[in-house]
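Fit chain U to the known structure of chain L by using the hints.
Spelled out from the first residue to the last, the chains are:
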Amino acid sequence: MDELSARALNLAQAKGASYADVRLVTAETQSIAVKNGIVEAISLDTSQGFGVRVIVDGAWGFASSARLDRDQVDEVTALAIEIARASGLVSGGLINLGPPEVNVGSYRTPVEVDPFEVSLDRKIDLLLRCDKAMRRAKGVAVAEGNMLFFRENQVFASTEGSLIEQQIVETGVGLVATAVSADEVQRRSYPNSFGRHQGTGGFEFIDRYDVLGKAERLGEEAVALLSARQCPSGVTTLILGPTQLALQVHESCGHPTELDRALGTEASYAGTSFLTPDKLGTFRYGSEIVNITADATLPGGLGTFGYDDEGVPAQRTYLVKDGIFVGYLTSRETASHLGQHSNGTMRADGWGSIPLIRMTNINLEPGEWDLDDLLADTDDGIYMEMNKSWSIDDKRLNFQFGTEIAYEIKNGQRGDLLKNATYAGMTPQFWGSCDAICNQGYWDVWGTPNCGKGQPSQVAHVGHGTSLARFRDVQVGVMR
Amino acid sequence: MLGEAKLRERLEYALSTSKADQTEVVFVREREQLTRFANSYIHQNVSKDDLDLRVRAVLERKIGIASTSDLSDEALRGVVESATTAASYQQKNPYFLSLPWPRPIPRIHGFVERTATCTPQRRAKAVREICVPAKEQGLNASGALATRDYEYAVGNSLGLFAYYPTTLADLRTVIMSDTGSGYAAAVSLDIDALDAAAVGREAIDKALRSRNPVDVAPGEYTVILEEYAVGSLVVYLAYMGFGAQAYQEGQSFMSGRLGQKVTGENISIWDDGLDLRNLPMPFDFEGVPKQRVDLISKGVVRGPVYDTYTAGKEPARTSTGHALPAPNDIGPFTWNLAMETGQATKEEMLASTDKGLWVTRVHYVRPVHPLKTVVTGMTRDGTFLIENGEIVAPVKNLRFTQSILEAFAEAEEIGREAVLTREAFFENFIGGIRIPALKLRKFVFTSATEF
Numbered sequence: 089m090d091e092l093s094a095r096a097l098n099l100a101q102a103k104g105a106s107y108a109d110v111r112l113v114t115a116e117t118q119s120i121a122v123k124n125g126i127v128e129a130i131s132l133d134t135s136q137g138f139g140v141r142v143i144v145d146g147a148w149g150f151a152s153s154a155r156l157d158r159d160q161v162d163e164v165t166a167l168a169i170e171i172a173r174a175s176g177l178v179s180g181g182l183i184n185l186g187p188p189e190v191n192v193g194s195y196r197t198p199v200e201v202d203p204f205e206v207s208l209d210r211k212i213d214l215l216l217r218c219d220k221a222m223r224r225a226k227g228v229a230v231a232e233g234n235m236l237f238f239r240e241n242q243v244f245a246s247t248e249g250s251l252i253e254q255q256i257v258e259t260g261v262g263l264v265a266t267a268v269s270a271d272e273v274q275r276r277s278y279p280n281s282f283g284r285h286q287g288t289g290g291f292e293f294i295d296r297y298d299v300l301g302k303a304e305r306l307g308e309e310a311v312a313l314l315s316a317r318q319c320p321s322g323v324t325t326l327i328l329g330p331t332q333l334a335l336q337v338h339e340s341c342g343h344p345t346e347l348d349r350a351l352g353t354e355a356s357y358a359g360t361s362f363l364t365p366d367k368l369g370t371f372r373y374g375s376e377i378v379n380i381t382a383d384a385t386l387p388g389g390l391g392t393f394g395y396d397d398e399g400v401p402a403q404r405t406y407l408v409k410d411g412i413f414v415g416y417l418t419s420r421e422t423a424s425h426l427g428q429h430s431n432g433t434m435r436a437d438g439w440g441s442i443p444l445i446r447m448t449n450i451n452l453e454p455g456e457w458d459l460d461d462l463l464a465d466t467d468d469g470i471y472m473e474m475n476k477s478w479s480i481d482d483k484r485l486n487f488q489f490g491t492e493i494a495y496e497i498k499n500g501q502r503g504d505l506l507k508n509a510t511y512a513g514m515t516p517q518f519w520g521s522c523d524a525i526c527n528q529g530y531w532d533v534w535g536t537p538n539c540g541k542g543q544p545s546q547v548a549h550v551g552h553g554t555s556l557a558r559f560r561d562v563q564v565g566v567m568r
Numbered sequence: 071m072l073g074e075a076k077l078r079e080r081l082e083y084a085l086s087t088s089k090a091d092q093t094e095v096v097f098v099r100e101r102e103q104l105t106r107f108a109n110s111y112i113h114q115n116v117s118k119d120d121l122d123l124r125v126r127a128v129l130e131r132k133i134g135i136a137s138t139s140d141l142s143d144e145a146l147r148g149v150v151e152s153a154t155t156a157a158s159y160q161q162k163n164p165y166f167l168s169l170p171w172p173r174p175i176p177r178i179h180g181f182v183e184r185t186a187t188c189t190p191q192r193r194a195k196a197v198r199e200i201c202v203p204a205k206e207q208g209l210n211a212s213g214a215l216a217t218r219d220y221e222y223a224v225g226n227s228l229g230l231f232a233y234y235p236t237t238l239a240d241l242r243t244v245i246m247s248d249t250g251s252g253y254a255a256a257v258s259l260d261i262d263a264l265d266a267a268a269v270g271r272e273a274i275d276k277a278l279r280s281r282n283p284v285d286v287a288p289g290e291y292t293v294i295l296e297e298y299a300v301g302s303l304v305v306y307l308a309y310m311g312f313g314a315q316a317y318q319e320g321q322s323f324m325s326g327r328l329g330q331k332v333t334g335e336n337i338s339i340w341d342d343g344l345d346l347r348n349l350p351m352p353f354d355f356e357g358v359p360k361q362r363v364d365l366i367s368k369g370v371v372r373g374p375v376y377d378t379y380t381a382g383k384e385p386a387r388t389s390t391g392h393a394l395p396a397p398n399d400i401g402p403f404t405w406n407l408a409m410e411t412g413q414a415t416k417e418e419m420l421a422s423t424d425k426g427l428w429v430t431r432v433h434y435v436r437p438v439h440p441l442k443t444v445v446t447g448m449t450r451d452g453t454f455l456i457e458n459g460e461i462v463a464p465v466k467n468l469r470f471t472q473s474i475l476e477a478f479a480e481a482e483e484i485g486r487e488a489v490l491t492r493e494a495f496f497e498n499f500i501g502g503i504r505i506p507a508l509k510l511r512k513f514v515f516t517s518a519t520e521f
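Protein chains in written order, with our numbering: chain L, 89 to 568; chain U, 71 to 521.
Extracted from the complex, chain L is given alone in its bound form (with noise of 0.2 Å):
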């Protein structure tokens, strides 16, 4: 074991913790951002740290520091006993773990190309030239494109017996045009929206999505939506595409999910969840071909890692089964209440914040269907994909989202095309109107880098299997 990890869990147990685990993290990020044919930012960061937490007397405390050397650890260590005796002042009663969990292990990310490896300049002109692209269509006020490779090594250690080396590699590449007019600004994104799309690996993964082949479209698409018609208002059916159902099953179906809000305690910050206990293992959350799993083993997923960082195994579960409730997400704590073991999701933003109950992989398993045959099965609706706008309440019921592009179905066919859609629901009423889910040969892992939770607030990087699917009488377009 590391001397700096053994001597805080040392000195943790030697001033009373009953349990005591530490991560020692170093994170490098490479990250470069061309716009309008110039590079504007290539940014290279190093974060290292440590974080250290406790239970006391049946309580928690957490201290961390960007300083890692002996005093340092004994500092930060002594710091975290004294926070969890503070937070026995205000106690709900004796923190449980259920049984010990000891796992000894490492876990690397499988890498082809390793990302650090390849030249900026291979980067950097692979951007320029789909900014270039991008900016061929008369119009495009704004062509931007980015890519960030990530790497981060982590020491975890437990009082319990715990050891575990872990690497975890990521890359993400990300393009968006944008067209504006006086009373207009219409954009179109590529692979996915709101910066990048991202996944656990290696250089490949950029390779896989041919981004300078689709960044002409992207223009094209972003000035045609100036003058594309207004999505109109009313009921009808909804075809989703990959990236906007991924983002779906992300706000109504990941977050609720998540065991500590439903037992109340992200209540003060992002909400608590419609699916209280009562519900598990009974409550119709969708129609019968809904089926949603958390698997944090899925190749390439940005959600798929080898252990949390509570130490325990990546596993896949089921949290929606034949429509039905039937899973949590889970931590070593929250499972107790449930009787259950943690089914690993506990991650942390980095060296410096706890872990949290943390969306792994949240997939909606494919269906039966060719996309061919689900618009020719669909008499009238409207087809919608990319999130532009995002939405929900604070128990994960009401939620309204726009995309980047629509386009109503007629007879079977593609029809015009959209601008600003939007569409707004009740999530266990959505799920239950959704009738067709697209085939394995549609399916993809979208990755979410920018997913936020708790207090301090942490980001987490998250994934989504997600192919097309279908919902009837859905409310559409909302915008006045």
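Note that these hints are calculated values from the structure, not bench results. Treat the hints with caution; some may be incorrect.
Result set (SDA-like, lysine to any residue): computed pairs, CA atoms no more than 20 Å apart in a straight line [as the list claims (entries may be wrong)]: (1) U:Lys442 x U:Pro395; (2) U:Lys195 x L:Leu177; (3) L:Lys507 x L:Ala270; (4) U:Lys195 x L:Asp295; (5) L:Lys220 x L:Tyr297; (6) U:Lys442 x L:Asp271; (7) L:Lys367 x L:Gln517; (8) L:Lys507 x L:Ala229; (9) U:Lys205 x L:Ser179; (10) L:Lys123 x U:Glu476; (11) L:Lys367 x L:Met514; (12) L:Lys367 x U:Glu520; (13) L:Lys123 x U:Asn163; (14) U:Lys383 x L:Gln517; (15) U:Lys162 x U:Arg131; (16) L:Lys409 x L:Ala464; (17) U:Lys416 x U:Glu384; (18) L:Lys123 x U:Lys416; (19) L:Lys103 x L:Gly176; (20) U:Lys442 x L:Gly565; (21) U:Lys442 x L:Gly180; (22) U:Lys205 x L:Leu177; (23) U:Lys442 x L:Ala316; (24) L:Lys123 x U:Glu520; (25) L:Lys507 x U:Lys416; (26) L:Lys123 x L:Ser179; (27) U:Lys195 x L:Gly180; (28) U:Lys425 x U:Glu480; (29) L:Lys123 x U:Lys195; (30) U:Lys162 x L:Ile126; (31) U:Lys442 x L:Ala229.
Chain U in isolation, oriented as in the chain L frame:
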């Protein structure tokens, strides 16, 4: 605290190792201690001591950026070299003119020792002042009390050096019954200025009055928005339109509308980093002194805020002192916002309302159409039906889809008091918004939820 002398020495050392044409070093230290409670007990209690030293190296007009959390000589040499290497791979940026030259920076005092040294025991006792009364009423308390101390330092190879230490105490609570909830918050540089019991009483009162809410149909209502709700809307207005980047790209409501009236004459909004009633910061993340910038005055668009880069894109323009740490994709930003107060108390707004809704706060606000300033979001933690000048019932929460500027154009009454609030946008640095309550004649709710 590391202190001004130590940081000046570290920044000057880093600058001395640079072979770039121009070099900038930005240092942020944030020590955050946060006690979080839910189900009326402390369930998370944390401390973080974080450092970020960020170097911007310029070779001709090529810019590279690197950062580290290590202040050793070796790490500083390494981070300067990394930034310079990154710059060498760049192309010249024709819009980049220069790092900023030194300008006098006003001395303000924002560091309160007792906030920086606040103990976990003191935070726990403050939390207890909320949890115990809540439990006595059969309610469930949640929230967080954070104490933070920051040190900011900026230096560059043109001789600029700026240093500012400050503190923050931030308390928020949501009190829940089985059928309703209430919210209250307080924020200050000084932990002594926070009255946890009073914050608890405000939220408990609202939670008790929110029990057993009734349904109301979505539609257009007159609304009284408490300060918490107004603050969230104004911050989104800032995000969508107060920065020069969005303005220059035609993506801001200000684009092409300077001098035009966009709201009623009773609406004025500005940013002032030197206002000691806010959570001030005398300079930005390029070391440029903050100027007061009038954004909307008496309903008329005055203009956006600038950093050095966006100022360089316009003739004779200089930075207003609103740069965020580089790199960032939103450009300059306002983080000391204020709105002009009016004459009315909230009680007077209520008394003058025949029918409407009282909104304590809003949740999960997101842009729908930034150019038209349309956002959507939910009401939360205390929404009430008003009839004949009185609150007659709590109501189930509603979703709004509404242009902020169109809503502000309907401002009938403005609160006489400005309240200091903080929003998620300010999470990573000091800053706040001083904002009054508003009574708006029309506000559009597009759907409802079940609670």
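Here's how the hints hold up against the structure:
no.	hint	result
1	U:Lys442 x U:Pro395	violated (28 Å)
2	U:Lys195 x L:Leu177	holds (7 Å)
3	L:Lys507 x L:Ala270	holds (15 Å)
4	U:Lys195 x L:Asp295	violated (55 Å)
5	L:Lys220 x L:Tyr297	holds (18 Å)
6	U:Lys442 x L:Asp271	holds (8 Å)
7	L:Lys367 x L:Gln517	holds (16 Å)
8	L:Lys507 x L:Ala229	holds (18 Å)
9	U:Lys205 x L:Ser179	holds (13 Å)
10	L:Lys123 x U:Glu476	violated (32 Å)
11	L:Lys367 x L:Met514	holds (17 Å)
12	L:Lys367 x U:Glu520	holds (16 Å)
13	L:Lys123 x U:Asn163	holds (10 Å)
14	U:Lys383 x L:Gln517	violated (51 Å)
15	U:Lys162 x U:Arg131	holds (5 Å)
16	L:Lys409 x L:Ala464	violated (28 Å)
17	U:Lys416 x U:Glu384	violated (43 Å)
18	L:Lys123 x U:Lys416	violated (47 Å)
19	L:Lys103 x L:Gly176	holds (15 Å)
20	U:Lys442 x L:Gly565	holds (16 Å)
21	U:Lys442 x L:Gly180	violated (48 Å)
22	U:Lys205 x L:Leu177	holds (15 Å)
23	U:Lys442 x L:Ala316	holds (17 Å)
24	L:Lys123 x U:Glu520	violated (44 Å)
25	L:Lys507 x U:Lys416	violated (40 Å)
26	L:Lys123 x L:Ser179	violated (52 Å)
27	U:Lys195 x L:Gly180	holds (15 Å)
28	U:Lys425 x U:Glu480	holds (15 Å)
29	L:Lys123 x U:Lys195	violated (51 Å)
30	U:Lys162 x L:Ile126	holds (8 Å)
31	U:Lys442 x L:Ala229	holds (18 Å)
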